[in-house]
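K.L.:
Construct all of the structure, not just a fragment, from the sequences and the given hints.
Single-letter residue listing:
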Amino acid sequence: MIAETILQIVTLTLIICGAVLAVTLRDLLSSVIALAAASLLVSLEFYLLQAPDVAIAEAGIGAALTTAIYIIALRRTRRKEQQ
Amino acid sequence: MTGITTGFGAWNPIAWLLLFLGVVAGALFLRRFGNKQYKKNTGQTKVFLSGNEEPEASALHVRGAHLYWGFVDGLSAYYRRVRALHTGLLSDYVALFVGTLGVVLIVLVLSR
Amino acid sequence: MNALLHHAPVLLVAVPLLGAFAVPLVGKLGSGLRRFFVGLIALLTTAIAGYLAASFYAAGASPIVYVLGGRLSLPSGMVAPIRIMFELDGLSVFMMLITALAALAAVLYTSSFWKERSGATLKDSLMLLLIVGIFGMEMTGDLFNFFVFLEITSIAACSLVGFRVWNGRSQEAAFKVMTLYTLSGLFVLLAVGLLYGQYGGLNIAYLATMIGSGAALVDKIALGLLLTGLAMKAGAVPMHMWAPDAYGEAPGAASILLVANSQASLYGLFRVLFTLYGSAYSPQSLAWILIGLAVLTIIVGVTMALVQRDLKRLIAFGAVSQIGYMMLAVGVGFAAMTALQPSDFGFVALQGGLFHMINDAACIGLLFLAAGIVIRRAGTRDLQGMGGIAHDLKWTTAFFMLGAFALAGMPPLNGFASKLMIYESTFRLSPVLAIVAILASILLLAVFLRAFQAAFLGPRTEPTDVMRPVPISMLVSMGLLALVVVAFGLFPGFFVDRIVTPAAQALWSGRDAYIQAVMSGMGG
Amino acid sequence: MTLGQVPFVVSALLVVIGLYALLFKRNLIKMVIGVSIIETGVNLFLVTVGYRAGGQAPIYTYSDPTTLRVLPTPQALTLTSIVIGLATTALLLSFVVFIHRHYQTLDAEKIKELKG
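Protein chains in written order, with the numbering used here: chain A, 1 to 83; chain B, 1 to 112; chain C, 1 to 524; chain D, 1 to 116.
You may find that some hints are simply not true.
The calculated lysine-lysine pairs, modelled on DSSO-like cross-linking and capped at a C-alpha distance of 30 Å, are [claimed, not checked]:
1. D:K110 to A:K80
2. D:K25 to D:K112
3. B:K40 to C:K394
4. A:K80 to D:K112
5. D:K25 to D:K115
6. A:K80 to D:K115
7. D:K110 to D:K25
8. D:K25 to A:K80
Which chain C residues face chain B? A few, computed with CB under 10 Å, are given here [stated by the list, open to error]:
9. Y66
10. Q341
11. F345
12. L449
Keep in mind that the hints were calculated from the coordinates and are not lab data. Just so it is clear, the structure is predicted and the values come from calculations on it, not from any experiment. All residues carry an ideal CB built from backbone N, CA and C; glycine is no exception.
P.N.:
Okay, structure coming up:
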C-alpha cells in the first residue's frame with residue numbers, strides 16, 4: 001500500500017514534469033516526446049486508479065498513435081520553434 | 001389565425017398588406033394628376049450637375065467600402081477599439097474565452 | 001403506435017449516418033448517382049423529421065422518450081439499466097424542424113455547385129455527418145451523448161471549413177475554429193464529469209431531479225463551464241471571433257449548416273438553463289449574464305458587419321448579431337420566469353426568441369446561399385470589386401433582397417413578426433434593451449443595403465466566371481427558403497400557434513413534464 | 001488533503017499548463033500540444049471521478065461479487081473521449097500542415113489574414 005502510494009505520487013509528479021517540458025522545450029520533437037512520456041505515465045496512473053482498459057487505450061492511442069501523428073506533422077513542417 | 005398578439009400589441013400581416021396596397025393605390029391615383037408634358041431623353045429629364053457633363057454610370061457607382069464612411073468616421077473611437085479586439089490571433093481568442101468563463105464563474109459563485 | 005413512428009428518433013440519426021459512410025462507396029459508381037443518393041438521404045431525413053413532428057404535435061406535444069438498450073443483470077443479482085436515451089419535447093422537435101430545413105436546403109444547393117471540383121464525395125459525407133451531429137445534440141436526453149454529438153459536429157464542421165485545402169485562409173480559419181471548438185467541448189466534458197461525480201448519473205432528467213435548490217458549488221462551476229462553452233459554440237460576443245472566420249471560409253452550402261450548428265449549441269444552452277437547472281437554480285444574475293452577452297452580441301455583431309468588405313464576413317457578422325436577439329429574448333424570458341412574480345411577457349419573449357431562430361435559419365441561409373452564387377459570378381469576395389450582379393442574376397438578386405429585408409425586420413416578412421415579439425416583451429423588462437435592439441435592427445438594414453448596393457447595383461462588371469445560368473437546384477434550394485420566409489411572414493399566427501408555442505411551453509413550464517417522462521419509466 | 005484528491009489537483013494543473021501553452025506560445029504545434037495536455041487532464045479527471053478508494057477494476061469474470069468496485073461509467077466515457085481526442089488532434093495537425101504549406105511559417109503572429 002505504501003509502495004503504491006509512493007508510486008502514484010512519483011507518477012503524478014512526473015506527469016506534471018512531462019507536461020511542463022512538452023510546453024517549454026524549444027525543440028518540437030523533444031517536446032512531442034515529452035508529451036508521449038507524460039501520456040504513458042498517465043496510462044500508468046489510469047492503471048493505478050483501477051482502470052486497466054482505459055490504460056491500454058491511453059497507451060495505445062494517446063501515447064503511441066498520437067505521437068506518430070505529431071511526428072508525421074513535424075516532418076512536413078519544421079522542427080524548431082522559432083523565437 | 002394569420003396574426004399574432006404580443007401581450008399588448010398585435011400584428012396582422014394580411015391587414016398590413018391590404019393597407020399597404022391601399023396606400024399604393026392612393027399614391028398612383030394622385031400621380032395621375034401630375035404634369036404629363038415631360039419629353040423623354042431630352043434636357044428636361046437629364047440630371048443637371050451645375051452645368052457639368054453627367055459622368056459615366058460606372059464612375060457614379062459607390063463602391064462597397066465608401067457608403068457609410070461618415071458614420072464609421074464618426075464612431076472611429078469605438079471602431080478603433082473593437083477592431084483592435086479582432087486581432088486574428090488565436091491566443092487572444094482563447095484568452096477572451098477563458099476570461100469570460102472566469103467572469104461567469106465569479107458571478108455564479110457569488111450569487112445566491 | 002406504429003413501428004416507423006416509434007423508431008423515428010433513432011432513424012433520424014441513423015439514416016444520415018449510414019448515408020455519410022455510404023457516400024464514398026456510392027461515389028465510386030459515378031458522381032450523378034452520388035448526388036442522387038445524397039439528395040435521397042436528405043429527402044428521407046426531412047420526411048422522417050416532418051412525419052415525427054406531425055405526429056408529435058397531433059399527439060398533444062407531450063415528450064417522447066426513445067430508449068436504446070435495456071437492463072443488465074449482474075451475477076451479484078444487481079440490475080442496472082444500461083441505456084441511452086433520446087428525449088424529444090416541444091423544443092427538440094422545433095429545433096429538429098429547423099435542422100431539417102437547413103439540411104434540405106444545403107444538400108439541394110450543393111448538388112450542382114461542386115460538380116466539377118474534386119473532393120465532392122468527401123464534402124457530401126461531411127455534410128451528412130454534420131447533420132447527424134446536430135440532430136443528435138437536439139434529441140439526446142443524456143449529457144455525455146450530448147458531448148459526443150457536440151464533438152461530431154465540431155469535427156465535421158471544421159473539416160467543412162477547412163475543406164478548400166488549396167486556400168490558405170480556409171486552413172487558418174479551420175485551425176482556429178477547431179481549437180476553440182475542442183476547448184469548448186473539453187469544458188463541457190469537464191462539466192459532465194463534475195455532475196457525474198456529484199450525482200452519479202448522466203441522464204439530463206435524472207440530474208435535473210438531483211440538483212437541489214440553492215445549488216452546491218460544484219453545480220455552479222459545472223453550470224458556468226456549460227454556459228460558457230455552449231455560448232462560445234453559439235457565437236456569443238466576447239467569444240464570437242471564430243464565427244466570421246468559419247462562416248466566411250466555409251463553402252456556401254456549409255455556411256447554412258454551420259448556422260444550424262450554432263443554433264443547436266444555443267439549444268443546448270437553453271436545455272441546460274431551463275431543464276437541467278431550471279427552477280432548482282435560477283438566480284436573476286444568470287438571466288443578466290445571458291442578457292449582457294446578448295446585448296454585446298447584438299451591438300458588436302451589427303457594427304462590425306457595417307465595416308466589412310468581404311461579403312461573406314459581412315453576412316457572418318450579421319448572423320452573429322442575430323444570435324444575440326435569440327439570447328436576448330430567452331434571457332428576458334428567463335428573467336421573467338425566475339422573478340418573484342413571473343409575468344406573462346416572459347412567455348412572449350420566449351416565443352419571439354424561438355420563432356426568431358427558425359426565421360434566422362431561413363433568412364441567413366438565403367443570404368449565404370445567394371452570396372455563394374454572387375461570389376462565384378464576381379470572382380471575388382471583396383465588395384469593392386463587385387457590382388452590377390443584378391443585371392444578369394434576377395432570381396439571386398430577388399432572393400438576396402428578400403433575405404436581407406426579412407432579417408432586418410421589414411414588414412410583412414417573418415423577421416418583423418419575431419422581432420416585434422422580442423421588442424415588445426423586452427420593453428416590458430427594460431426599455432433601454434428594446435431600444436438597443438431596435439437601433440441595431442435598423443443598422444442591420446443599413447448593412448445589407450450597403451452590401452446590396454455594392455454587389456448588385458451599378459454598372460455591369462466583367463464576370464470572371466463564364467456566363468453560365470445559375471443551376472436550377474440552387475434556385476430551388478433558395479426558393480425553398482424564400483417560401484419559408486414569405487409563408488412565415490404572411491401567416492405568423494399559424495406557425496407560432498402550432499410549432500413555436502409548444503417549444504416555448506417546453507422552456508416555460510415543461511421541466512416537470514420532461515423529467516416525468518423519463519423518471520416514470522426509469523425504474524422499470 | 002488525502003491521496004485520493006491528488007489526481008484531481010494534477011488534472012487541474014494539466015488543464016492550466018495546456019491553457020498556458022494556448023495563451024502564451026506562438027508556435028501552432030505547441031498550441032496543439034496544449035490542447036492535447038488539456039485533453040489528458042480532463043481524461044485523468046474523469047477516471048479519478050470514478051475511483052473509489054480500495055476499489056477494484058470493474059471487470060467481473062472470476063471475481064468475488066462482494067468486493068468494492070470503481071465506477072465503470074467514467075471509464076467508458078474516458079475511452080470515448082480518448083478516441084475523440086485522437087480525431088481532433090489528427091485534424092488539427094493536418095490543418096497545421098496545410099497552413100505551413102500556404103504560409104511557410106508556424107508562427108501564430110504571422111498567420112492572421114482573417115481579422116477585423
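K.L.:
Each hint needs a verdict: does it hold in this structure or not?
P.N.:
Hints, verified against the model:
| no. | hint | verdict |
| --- | --- | --- |
| 1 | D:K110 to A:K80 | 16 Å, holds |
| 2 | D:K25 to D:K112 | 15 Å, holds |
| 3 | B:K40 to C:K394 | 26 Å, holds |
| 4 | A:K80 to D:K112 | 21 Å, holds |
| 5 | D:K25 to D:K115 | 19 Å, holds |
| 6 | A:K80 to D:K115 | 27 Å, holds |
| 7 | D:K110 to D:K25 | 13 Å, holds |
| 8 | D:K25 to A:K80 | 13 Å, holds |
| 9 | Y66 | 33 Å, violated |
| 10 | Q341 | 15 Å, violated |
| 11 | F345 | 5 Å, holds |
| 12 | L449 | 8 Å, holds |
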